[in-house]
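Chemist: Residue numbers (full-length UniProt numbering), protein chains in the order written: chain A, 1 to 266; chain B, 1 to 341.
Since the hints were derived computationally from the structure, they do not count as laboratory data. Hints may be right or wrong, so weigh each one.
As the list claims (entries may be wrong) - Partial list, computed: chain B residues near chain A (C-beta under 10 Å):
hint, residue
1, 22
2, 23
3, 121
4, 124
5, 127
6, 140
7, 142
8, 143
9, 148
10, 164
11, 166
12, 167
13, 280
14, 282
15, 293
16, 308
Claimed, not checked - Quick list of simulated restraints, FRET-style, between CB atoms:
hint, chain 1, residue 1, chain 2, residue 2, range
17, A, 36, B, 75, 52 to 60 Å
18, A, 21, B, 259, 35 to 43 Å
19, A, 36, B, 112, 39 to 47 Å
20, A, 94, B, 159, 37 to 45 Å
21, B, 185, A, 94, 42 to 50 Å
22, A, 225, B, 52, 37 to 45 Å
23, A, 156, B, 246, 57 to 65 Å
24, B, 185, A, 71, 26 to 34 Å
25, A, 27, B, 94, 44 to 52 Å
26, B, 18, A, 40, 51 to 59 Å
Note that beta-carbon positions come from the ideal geometry of N, C-alpha and C, so glycine has one too.
Each chain, written out:
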Amino acid sequence: MKYGSSALLLALFLALAIAGPAVAPYNPLAYALADRLQPPSLHHWFGTDALGRDVFSRTLAAARTDLPAAAAAVILSSLIGVSVGAACGYLGGAIDRWVGRVVDVMMAFPLFVVAVALVAALGNSLTNVVLATAVINLPFYIRLVRAEIAARRQLGYVMAARLAGCGHGYIIGRVLIPNIAPIIAVQISLNLGWAVLNTSGLSFIGLGVRPPTPEWGALVSDGAQYLLTGQWWVALGPSLVLVLAVFAFTLIGDTAHDLFSPRSAR
Amino acid sequence: MNASLISFVLRRVLTVLPVLVGATVFTFVVMRLLPADPAAFLASGPGMGAADIAALRAKLGLDRSLPVQFGLYAWQLLHGDFGHSFVTGNPVALDLLQRLPASLELACGGLLIAAVIGMPLGIAAALRPGSLFDTACRALAVLGGALPGFVIGVFLIYLCYFKLSWAPEPTGQIDAALSAPRIVTGFLVIDSLLAGNMTAFASALGRMVLPSLTMALFALAPVMRMTRAAMVTALASDYIRSSRALGLPNRLVLRYALENAGAPLITMFGLIFSYMLGANVVVEKVFAWPGIGAYALDGLQAADYSAVQGFILVVAAVFAAVNLLVDLLCGWADPRIPRAA
Numbered sequence: 001m002k003y004g005s006s007a008l009l010l011a012l013f014l015a016l017a018i019a020g021p022a023v024a025p026y027n028p029l030a031y032a033l034a035d036r037l038q039p040p041s042l043h044h045w046f047g048t049d050a051l052g053r054d055v056f057s058r059t060l061a062a063a064r065t066d067l068p069a070a071a072a073a074v075i076l077s078s079l080i081g082v083s084v085g086a087a088c089g090y091l092g093g094a095i096d097r098w099v100g101r102v103v104d105v106m107m108a109f110p111l112f113v114v115a116v117a118l119v120a121a122l123g124n125s126l127t128n129v130v131l132a133t134a135v136i137n138l139p140f141y142i143r144l145v146r147a148e149i150a151a152r153r154q155l156g157y158v159m160a161a162r163l164a165g166c167g168h169g170y171i172i173g174r175v176l177i178p179n180i181a182p183i184i185a186v187q188i189s190l191n192l193g194w195a196v197l198n199t200s201g202l203s204f205i206g207l208g209v210r211p212p213t214p215e216w217g218a219l220v221s222d223g224a225q226y227l228l229t230g231q232w233w234v235a236l237g238p239s240l241v242l243v244l245a246v247f248a249f250t251l252i253g254d255t256a257h258d259l260f261s262p263r264s265a266r
Numbered sequence: 001m002n003a004s005l006i007s008f009v010l011r012r013v014l015t016v017l018p019v020l021v022g023a024t025v026f027t028f029v030v031m032r033l034l035p036a037d038p039a040a041f042l043a044s045g046p047g048m049g050a051a052d053i054a055a056l057r058a059k060l061g062l063d064r065s066l067p068v069q070f071g072l073y074a075w076q077l078l079h080g081d082f083g084h085s086f087v088t089g090n091p092v093a094l095d096l097l098q099r100l101p102a103s104l105e106l107a108c109g110g111l112l113i114a115a116v117i118g119m120p121l122g123i124a125a126a127l128r129p130g131s132l133f134d135t136a137c138r139a140l141a142v143l144g145g146a147l148p149g150f151v152i153g154v155f156l157i158y159l160c161y162f163k164l165s166w167a168p169e170p171t172g173q174i175d176a177a178l179s180a181p182r183i184v185t186g187f188l189v190i191d192s193l194l195a196g197n198m199t200a201f202a203s204a205l206g207r208m209v210l211p212s213l214t215m216a217l218f219a220l221a222p223v224m225r226m227t228r229a230a231m232v233t234a235l236a237s238d239y240i241r242s243s244r245a246l247g248l249p250n251r252l253v254l255r256y257a258l259e260n261a262g263a264p265l266i267t268m269f270g271l272i273f274s275y276m277l278g279a280n281v282v283v284e285k286v287f288a289w290p291g292i293g294a295y296a297l298d299g300l301q302a303a304d305y306s307a308v309q310g311f312i313l314v315v316a317a318v319f320a321a322v323n324l325l326v327d328l329l330c331g332w333a334d335p336r337i338p339r340a341a
């Protein structure tokens, strides 16, 4: 049941992100001042915001901002993190020690603060939010892959490959990494959830997307202003969808973890 | 205090130096090198020409070589000079020092609530692994991990303040009409209690509930998960089996397991505390809490780099101090940890 439900949730989100504009009942950017701050109804499922924009359509459109941003960040950090971690774990020595030290110092900071600082310095844009998210996730990949590769580099099949005359690049890329691919896959799916949390968290505090662009964190931040005057729906819809999205990714990661490591599954 | 303990403490102090040096390098690179040209930015007002920019560059030391710039920067930091904030007009070090207790108070409050709720749940789950209760706790942890802090905070305010009027207004640490007590510890709740000012105490405590609850929900899932893991490990060990075989009462067996899970639990709290320092930024914004996170965000929006840079350094210093404390407490909780290492 768990496998099915997590896969179903993910499929739902992907479908919504792809088909978003086609199924959205309204233009997410269109003002309709006559319909401002309407509570949820059959016409406006999540209600309307202060400018009369349909919150449901905006939440749908936001999936097209958040999901690609999170995916881009995860692809970037997994590519770099796996390469660096593999090199460290395979080669060992001085490189390994220095990278290890840098990773330790990085992990020492509250990572959300590092992301805030990076976006502040690089400039306030969605691209830089993606970059910052990628950077703060790097240490996790480096640590994981380094440890897994280091534990395997003296195993029989690696020795055999070496005796057969395979180069170091071939052994890392075609022998070792495929062997730890499931472990990396688990990390990637857990990471997607964090990346969505991070992107929306940065947007909530005003970093990343520019106002009319719909984005989950920005939508919640926008709606939060109307909570204290009783218009709860402006924030509720995007909040629920955001939580559901992160939950789906976490569930997938959890499921993948159980699938790939049956011994630790309880 | 014997000599070996003192040398152990000194060696531990030395191990946090790389973190502090790393933090200094990081802020130098991020805040001084990445922004296109701080001088051009600062001098971008009307009536500022190329000559003004050049003068400002010379004043900021931006015309020197990079190592010299870094040296100057580190020298200033060593003298407690974090620069001036042009938002508040005060030295950044002074601003941060005034706001740090508010942030720490929030993080401590959140951690306390998370520990009081999460640890018993984690222990109970570890006692019956695989049971319905264990599964429910795990599901709760996954769900808790998916809840962003700002969503929790925003809806707690709506529910508890707007709908039910249980909580006071979510604006800061204490009712603006009340005078703050004399600063002793910097923690408003404790200071007002020390001063015997019950109105101030009630107001400060009331305003702490919602933000600390938000912080606690952040930390609850990791506290529960890690307590469970530490207890499962401890309960699976030989001495527990021996104690059970000896027929010791359950209460005593549980106490032995808890004592042995002590060191990993202390490490866990250190980790979560540093994680909460990051979460502070968002929670302080939601609750208009006058801490260092809100200060850094204000600085960020005004491109006040000194403020942001000071914030990062303070967080790194607090983190280093917490790690040091964790190391020392672990040595105390688990005598097997060698002091010579």
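Chemist: Could you work out which of the previously given hints the structure breaks and list their numbers from low to high?
Modeler: Of the numbered hints given earlier, those the structure breaks are 3, 4, 5, 6, 10, 11, 12, 18, 20, 23 and 24, listed in rising order.
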